[in-house]
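Colleague: One letter stands for each residue in the lines below.
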Amino acid sequence: MTKVKLPRKSTAIDMTAMCDVAFLLLTFFMLTSNFTQKEPVLVNTPSSISEIKIPERNIMTILIDRSGKLFFGIDGQDKRIDLLKKMGEAYSYTFTDAELKEFSLINRFGVPIEQMKSFLALKPADRDLLENALGIPYDSLDNQFKSWVRFSRFVNPQLRIAIKADQALAYPVIKDVMNTLQDLDENRYNLITSLEQSPDQIQ
Amino acid sequence: MSEVNTESSGSKKGKKKGAKKVSTRIDFTPMVDLGFLLITFFMLTTTMIKPQTMEIAMPSKDKVPDEEQTKVKASRAITIILGKDNKVFYYEGTRENDVDPAVELTDFSSSGIRKFLIGRNYDVMLKVEELQKEKRDKQMTEEEFEKKKLEIMSDKKAPIVIIKATDEATYKNLIDILDEMAICNIGKYAIVDISDYDLELIKDKNI
Chain A
1 MTKVKLPRKS TAIDMTAMCD VAFLLLTFFM LTSNFTQKEP VLVNTPSSIS EIKIPERNIM
61 TILIDRSGKL FFGIDGQDKR IDLLKKMGEA YSYTFTDAEL KEFSLINRFG VPIEQMKSFL
121 ALKPADRDLL ENALGIPYDS LDNQFKSWVR FSRFVNPQLR IAIKADQALA YPVIKDVMNT
181 LQDLDENRYN LITSLEQSPD QIQ
Chain B
1 MSEVNTESSG SKKGKKKGAK KVSTRIDFTP MVDLGFLLIT FFMLTTTMIK PQTMEIAMPS
61 KDKVPDEEQT KVKASRAITI ILGKDNKVFY YEGTRENDVD PAVELTDFSS SGIRKFLIGR
121 NYDVMLKVEE LQKEKRDKQM TEEEFEKKKL EIMSDKKAPI VIIKATDEAT YKNLIDILDE
181 MAICNIGKYA IVDISDYDLE LIKDKNI
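Listed in order, the protein sequences are those of chains A and B. Start counting the first sequence at 1; every next residue gets the next number (the numbering used here). Start counting the second sequence at 1; every next residue gets the next number (the numbering used here).
So that you can see chain A by itself, here it is in the shape it has in the complex:
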């Protein structure tokens, strides 16, 4: 019997190809990703069968939590700076360059304009605390929300309005918000919903 001699092979594998694949995927994910944006309050959106996707850019987000606090945000950092300048002019507040810079980094905010300065002075981690999340006033006495929408439209005419509200929100609140938008001739807007699993689950 002749023994078949197996050649001794090294167990080390060439990792170069695997490395290539890994970095290729990494590049793909880095280029396609847009990060999950942190929101100041937890909002549980109602579900619907609608499958229209929201566009990625030029969105004005109106966030309303279950107690009726209103948060607001637009995208585009330079647009945000213009927006705060305009708001400052209208309510006679002057913001420093540092404050404008700080504001341009905030996705959603929910403070009355009177508290904006102290809000911007806070550490980013403290801004989402409950006592600092006051909501933007939108009642008929002091409708700052209306000004925010008007000036946002002014700095970026292509903005689309997206309302993201909690499902337990009382109807009068949403009616107020819709009426405000109607006053400004903003008649088309999107209501953000989550996908319904099956049509039978509506209760």
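Take the hints with a grain of salt, since some may be wrong.
Claimed, not checked - Here are some, though not all, of the chain A residues that point toward chain B, as calculated from beta-carbon distances under 10 Å:
hint, residue
1, F28
2, I113
3, K117
To be verified - Only pairs whose alpha carbons sit at most 20 Å apart, straight line, appear in this in silico SDA-like list of lysine to any residue:
hint, chain 1, residue 1, chain 2, residue 2
4, B, K147, A, E51
5, A, K175, B, S195
6, A, K9, B, T29
7, B, K84, A, G68
8, A, K53, B, E143
9, A, K175, B, I194
10, A, K175, B, S60
11, B, K148, A, S50
12, B, K148, B, I194
13, B, K21, A, A12
14, B, K203, A, P172
15, A, K175, B, T166
16, A, K117, A, D78
17, B, K164, A, D78
18, B, K188, A, S50
19, A, K53, B, A182
20, B, K149, A, S50
21, B, K203, A, Y171
22, B, K147, B, T29
23, B, K164, A, Q167
24, A, K175, A, N44
25, B, K115, B, I162
26, A, K53, B, A57
27, A, K146, B, S60
28, A, K175, B, D196
29, A, K53, B, F145
30, A, K175, B, Y189
31, B, K21, A, S10
32, B, K84, A, A168
33, B, K87, A, P172
34, B, K188, B, M54
35, B, K84, A, P172
36, B, K164, A, P172
37, B, K164, A, N187
38, A, K175, B, M58
39, A, K146, B, M58
40, B, K164, A, M178
Hints were generated in silico from the structure; no laboratory data involved. Computed from a prediction, not measured in an experiment: that's the story for all the values here. Cβ coordinates follow ideal geometry from the N, Cα and C atoms, glycine included.
We have chain A; now place chain B onto it with these hints.
Modeller: Same frame as chain A, but now just chain B:
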């Protein structure tokens, strides 16, 4: 310096064979590890699913002169009132000859308001279903389908739904009822402020 040089050159002489054997290959394993770690990070932090939205167009607030207003035929009108605790009320037509319309109480389940709306909108539902079948078979383009669907939905006999929400209704109720409009292919519907008359109608049942 020079000393070191001479020493190294000296040692080189002696170990010449050994020094040459060092492979130029690098172990890529840690780099792969790093690559996959970063991939995992990016995969977890990205949002692949964009949120769903429901598009809604509200009428503008400009006053329309009376003669230009679209009059709703009473027989086509269905009024839906969103009440307390997910209650839904509906009635057809309007007050005629001093007789109040009969108000029915129902809910958001598929055997509730949906059943009623589908019943009232049966012709349109059938036509849309046929159209969907046609779309599947003949591969009709999306635009063509939407256009034809709109045509069917603006049928002259199809019901017109008027949605009125009481102050006790929630945002979820509003979304749900708008959803029902989409499910039942209601072409024309409007969200209207509730009137005292309607509140009076549902007063006994909205407890």
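Colleague: Each hint: holds or not?
Modeller: Quick rundown of the hints versus the structure:
{"no.": "1", "hint": "F28", "in the structure": "9 Å, holds"}
{"no.": "2", "hint": "I113", "in the structure": "25 Å, violated"}
{"no.": "3", "hint": "K117", "in the structure": "32 Å, violated"}
{"no.": "4", "hint": "B:K147 - A:E51", "in the structure": "18 Å, holds"}
{"no.": "5", "hint": "A:K175 - B:S195", "in the structure": "14 Å, holds"}
{"no.": "6", "hint": "A:K9 - B:T29", "in the structure": "19 Å, holds"}
{"no.": "7", "hint": "B:K84 - A:G68", "in the structure": "18 Å, holds"}
{"no.": "8", "hint": "A:K53 - B:E143", "in the structure": "17 Å, holds"}
{"no.": "9", "hint": "A:K175 - B:I194", "in the structure": "11 Å, holds"}
{"no.": "10", "hint": "A:K175 - B:S60", "in the structure": "14 Å, holds"}
{"no.": "11", "hint": "B:K148 - A:S50", "in the structure": "19 Å, holds"}
{"no.": "12", "hint": "B:K148 - B:I194", "in the structure": "33 Å, violated"}
{"no.": "13", "hint": "B:K21 - A:A12", "in the structure": "18 Å, holds"}
{"no.": "14", "hint": "B:K203 - A:P172", "in the structure": "18 Å, holds"}
{"no.": "15", "hint": "A:K175 - B:T166", "in the structure": "10 Å, holds"}
{"no.": "16", "hint": "A:K117 - A:D78", "in the structure": "19 Å, holds"}
{"no.": "17", "hint": "B:K164 - A:D78", "in the structure": "41 Å, violated"}
{"no.": "18", "hint": "B:K188 - A:S50", "in the structure": "17 Å, holds"}
{"no.": "19", "hint": "A:K53 - B:A182", "in the structure": "16 Å, holds"}
{"no.": "20", "hint": "B:K149 - A:S50", "in the structure": "16 Å, holds"}
{"no.": "21", "hint": "B:K203 - A:Y171", "in the structure": "18 Å, holds"}
{"no.": "22", "hint": "B:K147 - B:T29", "in the structure": "57 Å, violated"}
{"no.": "23", "hint": "B:K164 - A:Q167", "in the structure": "18 Å, holds"}
{"no.": "24", "hint": "A:K175 - A:N44", "in the structure": "19 Å, holds"}
{"no.": "25", "hint": "B:K115 - B:I162", "in the structure": "17 Å, holds"}
{"no.": "26", "hint": "A:K53 - B:A57", "in the structure": "17 Å, holds"}
{"no.": "27", "hint": "A:K146 - B:S60", "in the structure": "16 Å, holds"}
{"no.": "28", "hint": "A:K175 - B:D196", "in the structure": "17 Å, holds"}
{"no.": "29", "hint": "A:K53 - B:F145", "in the structure": "19 Å, holds"}
{"no.": "30", "hint": "A:K175 - B:Y189", "in the structure": "17 Å, holds"}
{"no.": "31", "hint": "B:K21 - A:S10", "in the structure": "17 Å, holds"}
{"no.": "32", "hint": "B:K84 - A:A168", "in the structure": "12 Å, holds"}
{"no.": "33", "hint": "B:K87 - A:P172", "in the structure": "16 Å, holds"}
{"no.": "34", "hint": "B:K188 - B:M54", "in the structure": "16 Å, holds"}
{"no.": "35", "hint": "B:K84 - A:P172", "in the structure": "13 Å, holds"}
{"no.": "36", "hint": "B:K164 - A:P172", "in the structure": "12 Å, holds"}
{"no.": "37", "hint": "B:K164 - A:N187", "in the structure": "18 Å, holds"}
{"no.": "38", "hint": "A:K175 - B:M58", "in the structure": "12 Å, holds"}
{"no.": "39", "hint": "A:K146 - B:M58", "in the structure": "17 Å, holds"}
{"no.": "40", "hint": "B:K164 - A:M178", "in the structure": "14 Å, holds"}
Hint compliance for this structure: hints 2, 3, 12, 17, 22 are not met, and every other hint is.
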